[in-house]
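J.: Given these sequences and hints, build the entire structure.
Following this note's numbering, the numbering of the sequence shown begins with 1 at its first residue and continues without gaps.
One or more hints might be untrue.
Once the Cα atoms are required to be at most 27 Å apart in a straight line, the calculated DSS-like pairs of lysine-lysine come out as [as the list claims (entries may be wrong)]:
#1 K367 with K86
#2 K80 with K215
#3 K301 with K317
#4 K99 with K175
#5 K416 with K99
#6 K416 with K175
#7 K416 with K367
#8 K143 with K301
#9 K215 with K317
#10 K223 with K367
Keep in mind the hints are simulated off the structure, nothing from the lab.
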Amino acid sequence: MQTFIFILFFGLAIVSFYFFIRRGNNPLALMLSAWALAIGIPQLHLSTLEQTWTRTFWSLVIVSILSFVLGYILFDHLWKKYPFWKNWNWLNRSQVSVKSLRFAIYFLFTASIIGLYMFYVRAGNFPLLAEDTDVFRFAADEKVPGLINYTAQLARLFIPLSFFLFFYEGFSIRKHWDLVILNLLGAVALVLFASRTQIFFIDLWVMALYLLMRKPNLKMALKFYPVFLIISVIVLSAVPLIRQYKSYGANYLAGVTQIDSSNYNPVGKFLLPIYVGVSFNMQSLQHAQQYYDVNPIQWGKVSLDPFTNIVGLDQFKSDFDLCKIFQCWWNTGTYLFPFVQDFGRAAFYIIPMLIAGVVTLLWRYWKSAPNYFSINLYAYTIFFIVMTIYLSFTVRAEMYIDLFVLLLSYLFVTRKYA
1 MQTFIFILFF GLAIVSFYFF IRRGNNPLAL MLSAWALAIG IPQLHLSTLE QTWTRTFWSL
61 VIVSILSFVL GYILFDHLWK KYPFWKNWNW LNRSQVSVKS LRFAIYFLFT ASIIGLYMFY
121 VRAGNFPLLA EDTDVFRFAA DEKVPGLINY TAQLARLFIP LSFFLFFYEG FSIRKHWDLV
181 ILNLLGAVAL VLFASRTQIF FIDLWVMALY LLMRKPNLKM ALKFYPVFLI ISVIVLSAVP
241 LIRQYKSYGA NYLAGVTQID SSNYNPVGKF LLPIYVGVSF NMQSLQHAQQ YYDVNPIQWG
301 KVSLDPFTNI VGLDQFKSDF DLCKIFQCWW NTGTYLFPFV QDFGRAAFYI IPMLIAGVVT
361 LLWRYWKSAP NYFSINLYAY TIFFIVMTIY LSFTVRAEMY IDLFVLLLSY LFVTRKYA
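T.: Encoded structure:
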């Protein structure tokens, strides 16, 4: 039965993704595809730590999906009827100064070099090179201010913006050799931080840009995506394996998650981190729902943490113990996790509808006014939708800084056409 449910939802995920590609990159189809995986994968129950989903949790997950669907229908109708962005000329600049965009990319690259130097001076090393990678990462967070940390990893922005330029002009080694070098250096810098999220972020943004800008047919897609995916998968696999081995030794993940992987073939062991990431995030969400059914909710403090931390308003910071919610070593739980902390069960009803409103707005903006800003915004949104089952991205300050930098870069590269 468990295998049947997995196959059913995996099939639904594939069908939904097909509709995403074929129906104008519809965000509803992508969301349904991601959440079909979020429902199907955990049904394999590979870990003894995993609770069986309760009827209450099943109903709340279904409610959250229906809430997103309803939000999509309502807001899609609203944005089609009232496309307010068309009245704001600064949001509809279609031309880009290639010279200005190159300058912006070089500026971000230079800032990242300075950030890397400041990080190294304060931390004394980089996570991937440290003897104990995970311990070093947490220690570095204490030693290095957040803005330096963010600046050191600005490759997360200048690499996708470089690819925007590649697709905008038509890629040529002769024309873009310098940006290729910058991108390679930026990729190495990001790998030093041993963060899968950062690498996956760039992967999805770049692949989405190709989809939105080049609108590839099957032949074009088969030229671009497989090569990009192979390189990405190798890096995405190698980084966590090195980090895990250096910090905890071999077979740590299977041991700590209580999954008997002794009989798994190499493919099964390779896919194990993907299973754990999705299934344990859903477990974490269920535990949060149960925990906040009987404990005081945070009333918005968790969602506001990125801003209260930046401003330094300690009296408004959230106060909770992750160890009491699920496992001390697990601290993610889908995009709904922080909202359940803030609003309890109400989050399953309200938040997906509001998220659908924002996502649908950005989709309609891109559809009606494809330009530097709308294309990059919607590519970023595609990353966010996919990561709704993997990460609580709304509580990460870098998301808001990313969007602010993206807006500034748009105003800069289009200013001569204002």
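J.: Against each hint, give a clear statement of whether it holds in the structure.
T.: For each hint, the structure was consulted:
A C-alpha spacing of about 12 Å is found between K367 and K86, which places the hinted pair at or below 27 Å, so the restraint holds. Restraint check: the Cα-Cα separation between K80 and K215 comes to about 23 Å, which is no more than 27 Å; the hinted pair holds. This hinted pair checks out: K301 and K317 have alpha carbons roughly 6 Å apart, not beyond 27 Å. With a CA separation close to 13 Å, the supplied pair K99 and K175 stays within the 27 Å bound.
Restraint check: the Cα-Cα separation between K416 and K99 comes to about 11 Å, which is no more than 27 Å; the hinted pair holds. Restraint check for K416 and K175: the C-alpha separation of about 23 Å stays at or below 27 Å, so the hint holds. Straight-line distance between C-alpha atoms of K416 and K367 comes to about 24 Å, which keeps the hinted pair within the 27 Å bound. Taking the CA atoms of K143 and K301, the gap is about 25 Å. The hint holds against a cut of 27 Å.
About 44 Å separates the Cα atoms of K215 and K317, which puts this hinted pair outside 27 Å; it is violated. The straight-line distance between the Cα atoms of K223 and K367 is roughly 25 Å, inside the 27 Å bound, and the hint therefore holds.
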